[in-house]
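**Q** Here's the letter readout for the chains.
2 protein chains.
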Amino acid sequence: MVRRNSLSGFLAAFFVAAISASAQISAPEPDPLARMRQAAASVQACSASEISACAQAAPKIIANALGASPLAENLRRLTDEIGGRLTGSPAMGKAADWAVAAFRDAGIDNAHTEKFTIPHTWSEGATHIQILSPSGFPVHAVSVAWSPATPPGGIEGDLVDAGDGAPEDFARMGPDARGAILLIRTDVLRSFGDLFAEDLRNPGIIERAVSAGARAILWMGTREGMLLSRHLTGLGQDGSIEKLPQAIVAREDAQRLARDLGAEQRIRVRLDLPNRIGGPAEEQNVVAEIRGRERPNEFIVLGAHLDSFDLGTGALDNGCNAALVVEAARDIHLTGLLPKRSIRFVLFSGEEEGMLGSWAYVRTHREELDRTDAAIIFDEGSGRVSGFSLGGRLDLQPEVLQQALAPLNSWGVNRFTEDAVLGTDNLDFLLE
Amino acid sequence: MVRRNSLSGFLAAFFVAAISASAQISAPEPDPLARMRQAAASVQACSASEISACAQAAPKIIANALGASPLAENLRRLTDEIGGRLTGSPAMGKAADWAVAAFRDAGIDNAHTEKFTIPHTWSEGATHIQILSPSGFPVHAVSVAWSPATPPGGIEGDLVDAGDGAPEDFARMGPDARGAILLIRTDVLRSFGDLFAEDLRNPGIIERAVSAGARAILWMGTREGMLLSRHLTGLGQDGSIEKLPQAIVAREDAQRLARDLGAEQRIRVRLDLPNRIGGPAEEQNVVAEIRGRERPNEFIVLGAHLDSFDLGTGALDNGCNAALVVEAARDIHLTGLLPKRSIRFVLFSGEEEGMLGSWAYVRTHREELDRTDAAIIFDEGSGRVSGFSLGGRLDLQPEVLQQALAPLNSWGVNRFTEDAVLGTDNLDFLLE
Numbered sequence: 001m002v003r004r005n006s007l008s009g010f011l012a013a014f015f016v017a018a019i020s021a022s023a024q025i026s027a028p029e030p031d032p033l034a035r036m037r038q039a040a041a042s043v044q045a046c047s048a049s050e051i052s053a054c055a056q057a058a059p060k061i062i063a064n065a066l067g068a069s070p071l072a073e074n075l076r077r078l079t080d081e082i083g084g085r086l087t088g089s090p091a092m093g094k095a096a097d098w099a100v101a102a103f104r105d106a107g108i109d110n111a112h113t114e115k116f117t118i119p120h121t122w123s124e125g126a127t128h129i130q131i132l133s134p135s136g137f138p139v140h141a142v143s144v145a146w147s148p149a150t151p152p153g154g155i156e157g158d159l160v161d162a163g164d165g166a167p168e169d170f171a172r173m174g175p176d177a178r179g180a181i182l183l184i185r186t187d188v189l190r191s192f193g194d195l196f197a198e199d200l201r202n203p204g205i206i207e208r209a210v211s212a213g214a215r216a217i218l219w220m221g222t223r224e225g226m227l228l229s230r231h232l233t234g235l236g237q238d239g240s241i242e243k244l245p246q247a248i249v250a251r252e253d254a255q256r257l258a259r260d261l262g263a264e265q266r267i268r269v270r271l272d273l274p275n276r277i278g279g280p281a282e283e284q285n286v287v288a289e290i291r292g293r294e295r296p297n298e299f300i301v302l303g304a305h306l307d308s309f310d311l312g313t314g315a316l317d318n319g320c321n322a323a324l325v326v327e328a329a330r331d332i333h334l335t336g337l338l339p340k341r342s343i344r345f346v347l348f349s350g351e352e353e354g355m356l357g358s359w360a361y362v363r364t365h366r367e368e369l370d371r372t373d374a375a376i377i378f379d380e381g382s383g384r385v386s387g388f389s390l391g392g393r394l395d396l397q398p399e400v401l402q403q404a405l406a407p408l409n410s411w412g413v414n415r416f417t418e419d420a421v422l423g424t425d426n427l428d429f430l431l432e
Numbered sequence: 433m434v435r436r437n438s439l440s441g442f443l444a445a446f447f448v449a450a451i452s453a454s455a456q457i458s459a460p461e462p463d464p465l466a467r468m469r470q471a472a473a474s475v476q477a478c479s480a481s482e483i484s485a486c487a488q489a490a491p492k493i494i495a496n497a498l499g500a501s502p503l504a505e506n507l508r509r510l511t512d513e514i515g516g517r518l519t520g521s522p523a524m525g526k527a528a529d530w531a532v533a534a535f536r537d538a539g540i541d542n543a544h545t546e547k548f549t550i551p552h553t554w555s556e557g558a559t560h561i562q563i564l565s566p567s568g569f570p571v572h573a574v575s576v577a578w579s580p581a582t583p584p585g586g587i588e589g590d591l592v593d594a595g596d597g598a599p600e601d602f603a604r605m606g607p608d609a610r611g612a613i614l615l616i617r618t619d620v621l622r623s624f625g626d627l628f629a630e631d632l633r634n635p636g637i638i639e640r641a642v643s644a645g646a647r648a649i650l651w652m653g654t655r656e657g658m659l660l661s662r663h664l665t666g667l668g669q670d671g672s673i674e675k676l677p678q679a680i681v682a683r684e685d686a687q688r689l690a691r692d693l694g695a696e697q698r699i700r701v702r703l704d705l706p707n708r709i710g711g712p713a714e715e716q717n718v719v720a721e722i723r724g725r726e727r728p729n730e731f732i733v734l735g736a737h738l739d740s741f742d743l744g745t746g747a748l749d750n751g752c753n754a755a756l757v758v759e760a761a762r763d764i765h766l767t768g769l770l771p772k773r774s775i776r777f778v779l780f781s782g783e784e785e786g787m788l789g790s791w792a793y794v795r796t797h798r799e800e801l802d803r804t805d806a807a808i809i810f811d812e813g814s815g816r817v818s819g820f821s822l823g824g825r826l827d828l829q830p831e832v833l834q835q836a837l838a839p840l841n842s843w844g845v846n847r848f849t850e851d852a853v854l855g856t857d858n859l860d861f862l863l864e
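Order-wise, the sequence lines are chains A and B. Residue 105 in this note's numbering sits at position 105 of the first sequence, with consecutive numbering throughout. To convert a position in the second sequence, counted from 1, into this note's numbering, add 432.
Think of the hints as simulated: they come from the structure by calculation, not from any bench. Predicted, not measured: the structure shown is a model, and the values here were computed from it. Glycine included, every Cβ here is placed at the ideal spot set by N, Cα and C. Careful: at least some of the hints might be erroneous.
Simulated restraints, written as ranges between beta carbons of each label pair [as the list claims (entries may be wrong)]: (1) B:Ser555 x A:Ala281: 38 to 48 Å; (2) B:Val642 x A:Pro203: 49 to 59 Å; (3) A:Glu224 x B:Ser555: 20 to 30 Å; (4) B:Arg723 x A:Asp187: 47 to 57 Å.
Bound-form chain A, shown alone:
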């Protein structure tokens, strides 16, 4: 999942129903699979309008999904063996190979990659923060993703408590911010709301830091204890490099630094971010297709991003959903039935840096978009799919609920969100 500022004003008028499905961990319900198996044995959930096709396909697809499946092993290979896969990295190349192979194993022989260009590759060097005075302690930190590198030997500066980084904090610091390394305090992140609030807040802080002449920003980690996480912090997220060197400091260490500053200590630090920045470089989405029977030039896109940040293995964000899209292709292919329209399965790269892969896809396939009847994007965690957003197309809700999702009624995939979800690859389908 990536975070981009709200663009909801733009969205309602677009034709494509860019659905994003939320697969979040929900409170357990009593054996939903048992109910699914009942549903699979019945065709009554289908709508009247397409009863024959639905009657054929839905129970078979559901039965395939509930039967023996390579999904878990696919996901294990992607996460445990390949692991974190930053856009443009060798690991992401392996992940694309994994995806092509997994689609082909699922019976979709036409699986292939589609190239696009990203402006920069990025990987973290040996991030190091040293407290020069007073004699300090080891500070645990990671570079912000797509942060510029510091010059060889790092940069030195006084550490200045920049509070929350609000305009009044910069007013309070005045000229002290110039040439300083700023410590920005944060709250613990506990919800999606906190995540998006952080995204809305951070770009302004960076702008103010740049204007004030600060040399770098140290963000207090928003995860409790010593857990480190990495993401982008700036606006734009078009694959460009951030405006200021920035690191995320483990919360306990950052709080200790903040307490020391509060006790009137003058703290001098050296920040070394020898990040490796390259590019422009070629990157790739993975595309596979089940060709339509009646209207092969009309498309349904089923997508998820394959890239991840690299401190973890990208299992929840978004390996599970990448493996799910492969599984959907397998389950449909296994029925031996051909859909009316073509189904395009797309695993995007570059999502975490600003949905670069889906942006490339809609540009490459622009002339098809008017014939793309739906783009269904999976992101935001694991667990069974519990709901969906229609990207502003409220008019589609009855049709989606009563027809498309009818065979899944018993699974409760009905937590409908009225708001357009803007944090993942559906956005470019809305914009184009």
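On the provided structure of chain A, position chain B as indicated by the hints.
**A** Chain B in isolation, oriented as in the chain A frame:
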């Protein structure tokens, strides 16, 4: 707190009442301080036998303890400014200076250090675990404390899943353990019981690993997620170096390695533990005394260890109790009253490596021990003192509860443990 094997058979016959006080975080009670303030205004809690002395001293001491105090600032300096203080390290030297200064600020001018010798100093180098094949991921790990260093360049070996390290695991591995780097699986540590169970289990595992010809041990971290902790793992804990190079691997990384081994991957690793080992070296306890009025050659020892491990700042284990002992000296001194017997305030070093400081203290002061009427040791966390152990001297319970602790009745310091507590500096007072 240090962990040493049970010696309960030895204890009951010793004369000294080596009390260890548990200052653990308890469920909050409604305003215990309010009740303390009531008690401070009353002398009725004193026993009849020493009513006059108690009537004078207890309310004044309690009032001092509840008034404005440098305790929090002392603790901040010890933990935030000095931080983790491994026995024999420069930080531990600063901590001893802190203690002498804090006692003197508390009015105890005779505060001084007492030297003793530790067999080895130890500090961690740049611990590094590299997965040589297949192409791996960054493994987060720390060296076990007092682990031997690996030779320059580290050691290489196949990583072998040694299960729980039980005899049957070694039987299963057979010759595969020879020359291997063993991965030992663990459970998440959730209680003191788990902590001591680990201590009882680990030495046998190390013995078996040595016998099987393994080159090193990687312990799966017992803390959840990516949190690392450090302690000693071996038996003995007399300040000697462990028998085998050992590291603790962040639980998520260790679980990933275990899953990869379970998926039949052959994993080759290089373990580099460039630990710096020195010594023998001089180390020091800090001792301060309020001289007794009637029986100056009889002693009450009030002690806590000042050293800590060094991944954290040693606030809970045991900075808070070191600061508490200083505060007790201040509170008693401030009354202007002289106790009947001398009160010896001792902050020990070397506790985490096997209670080396208290061992040195009892050897140095052996001829005084028969005139040492009590040794009260604080360890095991923060929060108000909620109970005590009498080190096997059940006969003392009525006297302690009805006389010594009577002024604190309203605070509920009465969670009496029948078992001797063996994990801290009281042990040497029991043994000598």
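**Q** Would you list, in rising numerical order, the hints stated earlier that this structure does not obey?
**A** none
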